[in-house]
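Engineer: My request is simple: use the sequences and hints to build the entire structure.
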Amino acid sequence: MGERRYTEQEEALEIKSLRRIIAAYANYQDAAERDVKRYERSFKMLPPAHKELLFHLGLKYQRLRWCISMNAAFIMNMLEDEEDHIAGCSQPVDNNLGTSQGIGVSCNSDKDAITAAYSEDKDRTASSSVENVTPHHCPSSLFKLNVPPIDVDKVRCIVRNIVRDWAEEGQKERDECYKPILEELNRLFPSRNKQSTQEANEWTIYPWIHSNCNSLSDNDQLRAVKFPDIHPSSAGITEGFSMCAGDFVEVYSEESQDSAWDAVVTCFFLDTAHNIVEYIEIISKVLKDGGVWINLGPLLYQADSYGPDDDMSIELSLEDVKKVAYHYGFVMEVENMIETTYTANMRSMMQSMIQSYVDHVCVAESIPCGILDNEEEYISFKGPEAVQSSFSAFTNDQSSELVNQSKFTAIRSSSGGDVAAKRVKASDDDASAGGEDCLSALPDDVLVLILLCLYIKDAVRTSVLSRRWRRVWTLLPVLRFGVVRDSRYLSSALSASEVPLRNLHVGDPNAFPESLAAWLPTAARRVSGRLVLVNFVPKRRAADGEMEESQRGTFELPCFETATSICLRLGFLVLSVPPAGVFARLTELSLSDVRFHFHGPGDLGDVVSSPRCPCLQKLSIHNVRGLDSITINSESLQLLDLKNLRGVRQVSIAAPALKDLTLMCSFLPDQKLPAVNISAPQLKSLKWAHPYDPSSIHLGSMEHLQTLSTFCFVYGDGFKDNRACLMLLSQFKAIENLILSLGYLPDLFWHKTADADFIFYVELGGKAPTWSTPSLYISVN
Amino acid sequence: MAAPESGDGNNGAARMVTLISSDNTRFEVEAAAASLSQTLQLTILDGGGGGGDGIPLPNVDSATLSKVLEYCIKHAPAAANGGAPNATAVDRAELERFDNEFVNIDQSVLYSLIMAAHNLEIEGLQSLVAKKVADMIKGKSPMEIRRTLGFPDPTPEEQAEMNAHMLEYGWAYE
Numbered sequence: 073m074g075e076r077r078y079t080e081q082e083e084a085l086e087i088k089s090l091r092r093i094i095a096a097y098a099n100y101q102d103a104a105e106r107d108v109k110r111y112e113r114s115f116k117m118l119p120p121a122h123k124e125l126l127f128h129l130g131l132k133y134q135r136l137r138w139c140i141s142m143n144a145a146f147i148m149n150m151l152e153d154e155e156d157h158i159a160g161c162s163q164p165v166d167n168n169l170g171t172s173q174g175i176g177v178s179c180n181s182d183k184d185a186i187t188a189a190y191s192e193d194k195d196r197t198a199s200s201s202v203e204n205v206t207p208h209h210c211p212s213s214l215f216k217l218n219v220p221p222i223d224v225d226k227v228r229c230i231v232r233n234i235v236r237d238w239a240e241e242g243q244k245e246r247d248e249c250y251k252p253i254l255e256e257l258n259r260l261f262p263s264r265n266k267q268s269t270q271e272a273n274e275w276t277i278y279p280w281i282h283s284n285c286n287s288l289s290d291n292d293q294l295r296a297v298k299f300p301d302i303h304p305s306s307a308g309i310t311e312g313f314s315m316c317a318g319d320f321v322e323v324y325s326e327e328s329q330d331s332a333w334d335a336v337v338t339c340f341f342l343d344t345a346h347n348i349v350e351y352i353e354i355i356s357k358v359l360k361d362g363g364v365w366i367n368l369g370p371l372l373y374q375a376d377s378y379g380p381d382d383d384m385s386i387e388l389s390l391e392d393v394k395k396v397a398y399h400y401g402f403v404m405e406v407e408n409m410i411e412t413t414y415t416a417n418m419r420s421m422m423q424s425m426i427q428s429y430v431d432h433v434c435v436a437e438s439i440p441c442g443i444l445d446n447e448e449e450y451i452s453f454k455g456p457e458a459v460q461s462s463f464s465a466f467t468n469d470q471s472s473e474l475v476n477q478s479k480f481t482a483i484r485s486s487s488g489g490d491v492a493a494k495r496v497k498a499s500d501d502d503a504s505a506g507g508e509d510c511l512s513a514l515p516d517d518v519l520v521l522i523l524l525c526l527y528i529k530d531a532v533r534t535s536v537l538s539r540r541w542r543r544v545w546t547l548l549p550v551l552r553f554g555v556v557r558d559s560r561y562l563s564s565a566l567s568a569s570e571v572p573l574r575n576l577h578v579g580d581p582n583a584f585p586e587s588l589a590a591w592l593p594t595a596a597r598r599v600s601g602r603l604v605l606v607n608f609v610p611k612r613r614a615a616d617g618e619m620e621e622s623q624r625g626t627f628e629l630p631c632f633e634t635a636t637s638i639c640l641r642l643g644f645l646v647l648s649v650p651p652a653g654v655f656a657r658l659t660e661l662s663l664s665d666v667r668f669h670f671h672g673p674g675d676l677g678d679v680v681s682s683p684r685c686p687c688l689q690k691l692s693i694h695n696v697r698g699l700d701s702i703t704i705n706s707e708s709l710q711l712l713d714l715k716n717l718r719g720v721r722q723v724s725i726a727a728p729a730l731k732d733l734t735l736m737c738s739f740l741p742d743q744k745l746p747a748v749n750i751s752a753p754q755l756k757s758l759k760w761a762h763p764y765d766p767s768s769i770h771l772g773s774m775e776h777l778q779t780l781s782t783f784c785f786v787y788g789d790g791f792k793d794n795r796a797c798l799m800l801l802s803q804f805k806a807i808e809n810l811i812l813s814l815g816y817l818p819d820l821f822w823h824k825t826a827d828a829d830f831i832f833y834v835e836l837g838g839k840a841p842t843w844s845t846p847s848l849y850i851s852v853n
Numbered sequence: 209m210a211a212p213e214s215g216d217g218n219n220g221a222a223r224m225v226t227l228i229s230s231d232n233t234r235f236e237v238e239a240a241a242a243s244l245s246q247t248l249q250l251t252i253l254d255g256g257g258g259g260g261d262g263i264p265l266p267n268v269d270s271a272t273l274s275k276v277l278e279y280c281i282k283h284a285p286a287a288a289n290g291g292a293p294n295a296t297a298v299d300r301a302e303l304e305r306f307d308n309e310f311v312n313i314d315q316s317v318l319y320s321l322i323m324a325a326h327n328l329e330i331e332g333l334q335s336l337v338a339k340k341v342a343d344m345i346k347g348k349s350p351m352e353i354r355r356t357l358g359f360p361d362p363t364p365e366e367q368a369e370m371n372a373h374m375l376e377y378g379w380a381y382e
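Chains A and B supply the protein sequences, listed in that same order. The opening residue of the first sequence carries number 73 in the numbering used here; numbering runs sequentially from there. The opening residue of the second sequence carries number 209 in the numbering used here; numbering runs sequentially from there.
Not one of these hints is a red herring.
Taking lysine to any residue pairs in the SDA-like style, the calculated list, with each CA pair at most 25 Å apart, reads:
hint, chain 1, residue 1, chain 2, residue 2
1, A, LYS360, B, TRP379
2, A, LYS395, A, ASP330
3, B, LYS275, A, LEU524
4, A, LYS756, A, PHE804
Bear in mind the hints are in silico, worked out from the structure with no lab data behind them.
Structural biologist: Below is the structure:
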């Protein structure tokens, strides 16, 4: 980036760190060889009979060596290219991935320390066993010293990263992470340059050889991965594409970068910061007014495990990150959770899942109403992937729950970047000639279709066109109010007509009982489909002082007689349910972050039971306070998901049609176990992450159960809870699928706390008929 | 996306149907492409539109129909795969590029397209054009919206009505 001159000291540091990197790469083969030697030593120690049984391992180690040398050859080729850059060779380089011809190396050995080091043993070949790709030289000997184990791991991690970003095998991960980002970008910048691509599998690496753990077969471990799956220079990615190596803070805090970008996308990046606030500040600065920030990634702060002790590392929870973003003018639009992996070996028996939290954020003035197609956006903690999140909640309650989740954020403002271009078009003659007539000739439902693509504010603004248009927006069957600053908007917009609403989506960052009371009754009358209400902020309040929101009074949910789906995330507002009325069409209800009054007028269990919710099929209740007991009698319920019902003393469920039940961490750890009575004879899937004691918990008969998910701790304090797990398992004679989440408490898992926050899912085949065998499959470091 | 029954697509590789525009121009097109239109799909499934008969479309003129068919032909292969769940990234990118180019046209054509897509019930085309028109409105001030959409400047009477409205829905104009 431009003009900045570096001091000698800075340059020396640069060179030093570059050296460390090169040394790590150059050390790859030796380090891997040491591992193989270690395997061989272990093998030699086997008694002869065992050796005979495993004689093929000797062959495997030879194959491993071959794979290692292939990987090393690739790494050396990569270094050669890099060397050209370092040595200042003018030879053009297509790109690192695309060039296989050994580029003529013309290092000036006196130029600087690095090239000198390279030249030392230029002629040594890395491995003679490699036939197809012969490395031209190995810049290694000087660098071999002092490669810390962490660097060895990093190189291996890079090799896996290549799979993630460049190989076909990484497509799933890329789809999971990049797709939401690209879809968001496409939505916001539909006319970006996009070009087609062509295939080119030029390179082969063996990324999975370094771990013997959880391999289903040796061939899986030794399998080759070809890349790149598309040729970068043919993909059009290179056009208008530039890379900038350097520290994000340093590069983008330059003045020339201010307001220079329409969009900033960060993926698995935020948690690399020493000072995350600085990152966010810079992102806000480099964005134009109305710019967009899309973020996806976990908050898995790096510095704690790797850096020296005095390294600065500000490690914020998701909630605080949002707060900081808000401070710099970003406003949340939608948030969501995605599930993904990071450089995972697909064929490993053990899969670490990262549960990602997805946030859409918009800048204050804009109220999105139209195009978001993902109806599920506001519903987090949903579905099977929630196993992990609630595990965290069990050990550390809510704060850690958020830290472990990755985050996806999209931030936008109302003034689009394309306004200028459109203005030009407005002055076109033909536009002003027939525009009005043609447009007004369209029937209402077509005009509604157009307005559905707009934010509610823009839709209302079309009223200025004519009298007719003043009516069109009120016909909208979908109203999405992203973040509402002032709930008077809601009353005003909702009472403009009586058209049934297929979808009403409200993000209210500061809902008060009174403001909700002003518009919810109107909403109850109009919503014929789905209502989503998210109260964003008060999670923080809930953490800080739980008294505050109860002082804000009680908010009464009106009876939604026509709605089919209701999702409320209330930020711990106190909710009271209506004492009478039937939710006649409701099939899906999701309540989270809710507080109840002990002596409220209605009873939640009564409301969701059959007489008053005759069609209810899916019910989830998460993060609830003040619920003393809940009794559900439902003929229709098929899916029930209860998580974190803090302080509850009694749970009774009678649901003859129930197929899927989740019960997690519903009680304080030190609290006396509540009485649980479940009658669900048709149950197919049970997720149970909660202490189990047969004296207070009665599960009834579950003859049709196919899948049981539960967890046990592998190390640490939670170990005593495993007894409960075993007791639960002993309740079932046979089961098709057991999903056992293995919990590793932080600090005990390897030496890398980085991995400790994850739960490892071990899927134990589909066939284990009894409980004695599955444990054999569990194989963990 | 209006996906034709896959059985229909396999049934004779390139069954053709004839469509007749309001100004009596005949268009011969593959049944699979025409079937993107929900309206036409029913007729075609019944065996209509073949041979010399043709399906008259009294609401669509030839200029618009040729544009509509351009869209249908391009999108038919993907739709035949049931909304293209297994389309490659290349195909998807190509379709997107096509779509972007496709709606880069005069407003009057755009409006006749959305009308035709509506009458013929071509879901993908309807939303494509709707989104294009919406983009022309997005983030603009009241006067900019009027001008962009080709509305003349308001008469004093209209202006008064506008003002009253803007007062009532002030939040939308902040």
